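Student: Since chain A is already given, all that's left is putting chain B on it; use the hints.
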Amino acid sequence: MSQRKRSKGLSSSQMTDGEEDCSPSQRDQPFQDQMNQKVSELVQFLLVKDQKKIPIRRADMLKTVGQKYKNYTEIVNRAGKTLQEVFGLQLMEIDTKLHTYILIDNLPRAEGEYLCKDKEKEKMGLLLVVLSFIFMKGNSVKDTALWEFLRLLRVHPGKPHKVFGDVRKLLMDEFARQKYLDVTPIPLTDPPEFKFQWGPRAEKETSKKDVLKFVAKIQGKDPTFWVSQNKEAEAEAAS
Amino acid sequence: MAAQMTNAHRRFLQVLMSNGITEASQARKLHQHCCEIDKVYYAHDKLDDFISTINSHLQPLFMQIRKGISEEDGRAHYAVVNLAETEVTKMASDYTETELELFRKTMDLIILSENGFASSTDILNLADQLKTKKMKKKEAEQVLKVFVEDKWLSEKNGEYTLHTRCIIEMEQYILSNYQDVARKCNICHSLAIQSQVCECCGIGMHLPCVRKYFRGQAEPRCPKCNEFWSCDLPGTSQMGSHTHHRAHSQA
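So the sequence lines, in the order shown, correspond to chains A and B. So the first sequence is residues 1 to 239, counted in full-length UniProt numbering. So the second sequence is residues 1 to 251, counted in full-length UniProt numbering.
For the record, the hints were derived by calculation from the structure and aren't laboratory data. Check before you lean on any hint, since a few could be wrong.
[Unchecked claim] 25 Å max Cα-Cα, derived PhoX-like pairs, lysine-lysine:
(1) A:121 x B:29
(2) B:145 x B:184
(3) A:123 x A:217
(4) B:105 x A:204
(5) A:123 x B:29
(6) A:123 x B:105
(7) B:105 x A:162
(8) B:145 x A:121
(9) A:53 x B:145
(10) A:208 x A:195
(11) A:53 x B:151
(12) A:49 x B:145
(13) A:121 x B:39
(14) B:105 x A:195
(15) A:53 x A:123
(16) B:151 x A:123
(17) A:162 x B:145
(18) A:52 x B:39
(19) B:151 x A:121
(20) B:145 x A:169
[As the list claims (entries may be wrong)] Just so you have them, the derived chain A footprint on chain B, three or more residues with Cβ under 8 Å:
(21) 6 to 14
(22) 56 to 66
Values in this document were obtained by computation on a predicted structure and should not be read as measured data. The beta carbon of each residue, even a glycine, is placed where N, CA and C say it ideally should be.
Bound-form chain B, shown alone:
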């Protein structure tokens, strides 16, 4: 029998839903905040239990709070996902048919790409090929901006990839709809959009997983085929300082 939900759980869930996606350190703060407001037992290391209580009550509704790792910096995030979702229904209520088609086409480009990015030029070139209704480039640009604002896409120097929120919410959808092309990370075994791929055997790894796995190795070799890892190792400086800072502030 599942543990009883308190108002602290309900409050936590409400904020998580309205945030769309919540970074782990924020979620920990929120956990404490909710427990204090509703005067229920709080222990800083019990966030996972707290969430699993909520999840046991969400399960009959085919919903779940799911944790995902940002492909960029390896930080954990939480989002409330809909497990019954076979299509992109949460998006369906927010966007028009045409906008959704643009999103799906963009997702195709991103997933079929080598590195998990699609250039804005390539995406905008799709705009006048849409089946539902052609879109002007200007309009498409605007729609892309909204996708970024709503945290479905993220943009870096004119290149677009799937936002962590999108990956957490749509992992199952992507894995089943892009069965042959969607890669799974060889280290953490979850979906990998932005990844490095072994030139020899074709396995993929998340950038943060690559960093972690090859840390301190002078001659990185593929964990599967043992060939020399030919990709440039992703920069570690920014990442290192970040995690350090985080680890301290949590303690």
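If we strip away everything but chain A, and leave its shape as in the complex, we get:
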């Protein structure tokens, strides 16, 4: 928990300039003030966008900072650093072609705490079940298999659920957009079939080890019962 501890605190007038070579003495004060202003505007923008967990486009970040602003990279870096140090959130580019970013909660997870903090517990519970299913089935499942599995839990994709609403939409739109799940159409299938995999947010906000622990707890077994999954989870944890 102290990996991000730094030897210096933040004084009220300056943002996190940390190890960077732009100490206030090297640059003039109005410039610093303007930079700080831009950084805090960007941080706020990212936080507001993050409330919905929707990926943020670089173009929109640029717009916030001001299109013509030359120090864009530095501002983004400093905003990222501030998000990490103050909020425990990591700014991550998830698509290097489309240049989209998400904020990922990277505080260490507590024992027995999976994915959710406080809000949306139910949805996150369903997500954990879906992630477990995908992992246990070899990291990729067809939609038909997933729906069949969920039916066993009395969650029917066709019928509105009283907590989850339209489950198909929740999985294929909301969780996919939030990058918890990767949903890809399987080519040349009619009616169209889909492949479900973990999305980058899931990879970051949970781990195979935690998910396996969850499955083991539900089934009342030891994680080592599943030899290959356990090996995979341990390998991921060690990397």
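Tutor: Just chain B now, kept in the frame of chain A:
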């Protein structure tokens, strides 16, 4: 130099932000929970210090965890507010231009009213006078529902007032944009939306402040002009039992 933030602080801040608004007893539980998870020093009476550490790091970002008192029952709440906000920017990203106009008009009605409430009829009558785009009553009704769900407004028997979250977040905005009409409570000196007003000198007081101030007084008199306080004193039974219960569960 500000105290260092730990993961417990960061965790607390994250939950506070995702809650929108957090009641004080919940915040105390959360404080303990975060300290235990991240194994940092915890003392039950140190929540204020814990928050001020976070605030010292939020300050350069023009943000702050602010405490506010519910106008209804006098209970304390916490919310993360944006101090740089001159307009309603946090809302701006969540709502359409038309919805925001409806909100502003509703806020006008509430603040200009005597008691801090606007009736749904009066609000819905605004719907077809919006400049950006006219709204059907049905649509406006739906939008009001969302404002209540998102804790910007609260509703009681078809009457709407500003939610505690809205007051905590927008106090500065309201005080500067409604300079001549927005009242401040004579007791606690913060913005008063739901209030009782002295018929004689016009000062306002929050209902929980009225209760507290006049407690045990046989003949309540205005703290400013000393005239007899003509408003009915707000009921105390519900409030009394509530605080009692709270006080015990905290100990």
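Student: Give a verdict on every hint.
Tutor: Verification of the supplied hints:
| no. | hint | verdict |
| --- | --- | --- |
| 1 | A:121 x B:29 | 18 Å, holds |
| 2 | B:145 x B:184 | 28 Å, violated |
| 3 | A:123 x A:217 | 20 Å, holds |
| 4 | B:105 x A:204 | 43 Å, violated |
| 5 | A:123 x B:29 | 23 Å, holds |
| 6 | A:123 x B:105 | 35 Å, violated |
| 7 | B:105 x A:162 | 34 Å, violated |
| 8 | B:145 x A:121 | 22 Å, holds |
| 9 | A:53 x B:145 | 23 Å, holds |
| 10 | A:208 x A:195 | 19 Å, holds |
| 11 | A:53 x B:151 | 20 Å, holds |
| 12 | A:49 x B:145 | 22 Å, holds |
| 13 | A:121 x B:39 | 24 Å, holds |
| 14 | B:105 x A:195 | 48 Å, violated |
| 15 | A:53 x A:123 | 14 Å, holds |
| 16 | B:151 x A:123 | 21 Å, holds |
| 17 | A:162 x B:145 | 19 Å, holds |
| 18 | A:52 x B:39 | 30 Å, violated |
| 19 | B:151 x A:121 | 19 Å, holds |
| 20 | B:145 x A:169 | 23 Å, holds |
| 21 | 6 to 14 | holds (count 6) |
| 22 | 56 to 66 | holds (count 8) |
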